[in-house]
Amino acid sequence: EGSFERVLATDISRDALEVAEINVERCAAALKCPIELRCGSFNSPVSDVKATVLVSNPPYIAFSEIDALPPSVRNWEPPVALASGSNGMLAIQQIVAQGAAILAGGGILALEVDERRASLAAELVMANGAYNGVAVRLDLTGRERFVLASRI
25 EGSFERVLAT DISRDALEVA EINVERCAAA LKCPIELRCG SFNSPVSDVK ATVLVSNPPY
85 IAFSEIDALP PSVRNWEPPV ALASGSNGML AIQQIVAQGA AILAGGGILA LEVDERRASL
145 AAELVMANGA YNGVAVRLDL TGRERFVLAS RI
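Residues 25 to 176 (our numbering) are what the sequence shown spells out, left to right.
Read the hints as simulated data drawn from the structure, not as lab findings. No experiment lies behind these values; they were computed from the predicted model shown. There may be inaccurate statements among the hints.
Using C-beta positions, here's what the derived DEER-type ranges look like [said to hold, decoys possible]:
id : residue 1 : residue 2 : range
1  : Arg140    : Glu49     : 33 to 39 Å
2  : Asp91     : Gly153    : 33 to 39 Å
3  : Cys57     : Glu89     : 35 to 41 Å
Idealized CB from N, CA, C, for every residue including glycine.
Work out the full structure, taking the sequences as your base and the hints as a guide.
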């Protein structure tokens with residue numbers, strides 16, 4: 025839990041942002057800061073800010089893996105929310121590279137990743153040179169699903 029001046033939430037899908045807007049309105053009384061919704065790809069909607077925290081649940085599945093997903097995922101989520109290039113890492117690569125310009129010094133980068141790619145994503149963050157304290161964290165089921173780092 026943290027205290028924030030504001031939250032900027034982004035998505036490439038206008039439909040997803042319409043749902044988010046409904047949720048923001050429903051939760052307005054409980055919110056501790058304003059939430060601004062912006063449409064765009066990866067970090068582009070927030071390229072004009074210096075953030076203290078950058079959290080992303082990007083697409084992280086390879087195109088070839090979509091058919092193997094459980095129907096509850098494959099048939100519910102649009103492909104743009106799931107697939108990220110031929111290796112599943114395209115979105116993570118872009119967020120890590122662009123995130124360095126968005127995060128203020130000491131800011132936190134938090135990425136949700138596919139457990140099969142967690143160490144690869146952590147290596148990518150370390151190799152960028154703009155982050156330190158890179159760590160892989162487990163989800164509630166014990167799977168490596170999160171990469172955390174601090175902006176130098």
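Outcome of the hint check:
Range check, arginine 140 to glutamate 49: Cβ separation about 37 Å, and the 33 to 39 Å hint holds. Between aspartate 91 and glycine 153, the C-beta spacing of about 37 Å keeps the proposed range 33 to 39 Å intact. For the hinted restraint 35 to 41 Å between cysteine 57 and glutamate 89, the CB-CB distance of approximately 37 Å keeps it satisfied.
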